[in-house]
Amino acid sequence: MEIGVLRRDGRTDPFFDGTARDRLVIRRCAACDRWFAPDQAGCPECGAGELEWAEAAGTATLVTWTVTHGRPAADGTAPPPAFLALVELTEGPWLHARLDGIDPAALREGLPLRARFRHPGAGESYVLFGPEG
Amino acid sequence: MTEGTGGGTAIAGLGMTELGRVYGRSPRRLAADAVRLAAADAGLALGDLDGLLVSHGMGGSPGIELADTLGLRDLRLLSQLNSFGATAGAMVSYAAQSILSGAASTVACVFADAPLKPERSAGSAYHRDAPEWYGFGGMTAALGFRSVNAFYALAARRHMERYGTTGDQLGAIAVATRAWAAGNPRAQMREPITLDDHRASRWVAEPLRLLDCCLVSNGAVAIIVTGADRARDLARPPVHVWGWGQGHPGHRKERGSDFGLTTGALTSGPIAMKMAGVTPGDISQCQLYDCYTYTVLVSLEDYGFCAKGEGGAFAASGALGPGGALPTNTGGGQLSSYYMWGMTPLSEAVIQARGDGGERQAGRNDVILVSGNGGILDHHSTLILSPHPKGA
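Sequence order for the protein chains is A and B.
First residue of the first sequence: 1, per the numbering used here; consecutive thereafter.
First residue of the second sequence: 1, per the numbering used here; consecutive thereafter.
By construction, these hints were calculated from the structure, which means they are not laboratory data.
Just so it is clear, CB atoms sit at the ideal spot from N, CA and C, and this is done for glycine as well.
Honestly, I wouldn't trust all of these hints.
[What the hints assert, rightly or not] Ranges between beta-carbon positions, derived for each pair:
no.: 1; chain 1: B; residue 1: 71; chain 2: A; residue 2: 109; range: 55 to 63 Å
no.: 2; chain 1: A; residue 1: 78; chain 2: B; residue 2: 65; range: 39 to 47 Å
no.: 3; chain 1: A; residue 1: 44; chain 2: B; residue 2: 168; range: 34 to 42 Å
no.: 4; chain 1: B; residue 1: 76; chain 2: A; residue 2: 44; range: 34 to 42 Å
no.: 5; chain 1: A; residue 1: 30; chain 2: B; residue 2: 197; range: 49 to 57 Å
no.: 6; chain 1: A; residue 1: 114; chain 2: B; residue 2: 366; range: 35 to 43 Å
no.: 7; chain 1: A; residue 1: 109; chain 2: B; residue 2: 366; range: 49 to 57 Å
no.: 8; chain 1: B; residue 1: 318; chain 2: A; residue 2: 13; range: 19 to 27 Å
no.: 9; chain 1: B; residue 1: 69; chain 2: A; residue 2: 78; range: 38 to 46 Å
no.: 10; chain 1: B; residue 1: 190; chain 2: A; residue 2: 47; range: 51 to 59 Å
no.: 11; chain 1: B; residue 1: 102; chain 2: A; residue 2: 30; range: 48 to 56 Å
Bound conformation, chain A alone (with noise of 0.2 Å):
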């Protein structure tokens, strides 16, 4: 499956101001010291409505993960298949990702992983995740 193109809305300027510069933005809560997902609205501990922006380290580990396969064409072909996945964060926040250059045969809970940022021709630069090193 392609991926698509990504516009901004407004909400999502740091983050994408983020992955033009191959840096991963997420949010944090600076009273509780917690980070979160980029789409978390306010902190669920400290019931904080403002979370701030910051920095995470890219690194990641895989909780889990599929492999889509679009509906066949009437001639029998069919989309590349797409390796999405939940990853944890280093700092504690799972994302839905896709994961890019990995090894099929050695996906396993807890593989360590790194951000790898890519720049489109159209629209937003996104990240997938990839195998450490």
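Position chain B relative to chain A; hints supplied.
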């Protein structure tokens, strides 16, 4: 309790439209037809209803304007509810509580949806596509999460990795469910399948194959809840509501989350069973929300029919199919029969409790557990139903 409801509450009517590739009727029209059928089934006139609870599907319709469509006047209860696949169970519990409190006496609960379009695949009904994507939700979709299948596949894979659950164990659920569907004239898929058919069915989102995924259906299902004392005087045998519960785990997406390993049944099951005065050993049969084979497996664990992590072995033991120790999804479920969200398991429970299952009627129907599951394992409801009055 108010006078007249000392016997608790009961489901007195069931109405089902044609289900599946049914075109030409809007969700609102389908819902109205189902309510009329349910009232007729109960031997009631529409004017006997004083409550209406409405649950919409993918299209966001019907809403509470359904009351106007049906010409209902002077209602005492009217709401649109939504906890996704857990809504049907929630509607029954709100109806029962309204009746027990005296706020209403006879409440119709209806679900309708029409996501299937002529000439379009069933899968496309729940698939997102767009030329460009906005926001964080759009980003997830742009990266490849275009349908619910991928999210449930992540859950199923996690269960497999943690507990050694296998694809064949998921397949055993698909096979058992189809065996039940063979006996259901309403089922969309009645041709028996084998484990080899499951193994040969194409991947949708690994580890889920096509035969691990539910159908998509157009149609509507309605039930009518009233006081058990009143239900006894109506046209059909009452299906008594012994207990109900909800569970919304709020799995956080962060380190330590149980996502994929447990469901809200861990909460809703004990609440409903305690209210009903039963334990898992008392359950005669289960009607479980089977949007995927995997949800049956994990729900069985969370309800306590087997230990955590042993749902796969339990399913593969043959317990769930015809002749098994715990008949489950006896109408063919959402996997093989029809996909009316939580109304699929609820409607089959009513049919079984009445003994109307025909060639698929399970041997025992004294205590029936009904589950609902919504979102990505975010919402859960449980009902305990019986042909017998509670405590009798």
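A quick look at each hint next to the structure:
About 57 Å separates the C-beta atoms of residue 71 of chain B and residue 109 of chain A, a value consistent with the hinted range of 55 to 63 Å. Between residue 78 of chain A and residue 65 of chain B the beta carbon distance is about 43 Å. The supplied range of 39 to 47 Å therefore holds. Checked against the hint of 34 to 42 Å, the pair residue 44 of chain A and residue 168 of chain B passes, with Cβ atoms roughly 39 Å apart. For residue 76 of chain B and residue 44 of chain A, the hinted distance range of 34 to 42 Å is satisfied, since their beta carbons lie about 37 Å from each other.
Here the CB-CB span from residue 30 of chain A to residue 197 of chain B is close to 56 Å, well matched to the stated 49 to 57 Å. In this structure the hint that residue 114 of chain A and residue 366 of chain B lie 35 to 43 Å apart at CB is violated, the actual value being about 57 Å. For the hinted restraint 49 to 57 Å between residue 109 of chain A and residue 366 of chain B, the CB-CB distance of approximately 42 Å leaves it violated. The beta-carbon spacing between residue 318 of chain B and residue 13 of chain A, approximately 56 Å, falls outside the hinted interval of 19 to 27 Å.
The beta-carbon spacing between residue 69 of chain B and residue 78 of chain A, approximately 43 Å, falls within the hinted interval of 38 to 46 Å. Under the hint 51 to 59 Å, the C-beta atoms of residue 190 of chain B and residue 47 of chain A, about 53 Å apart, fit the expected range. Range check, residue 102 of chain B to residue 30 of chain A: about 51 Å between beta-carbon atoms, so the 48 to 56 Å window is met.
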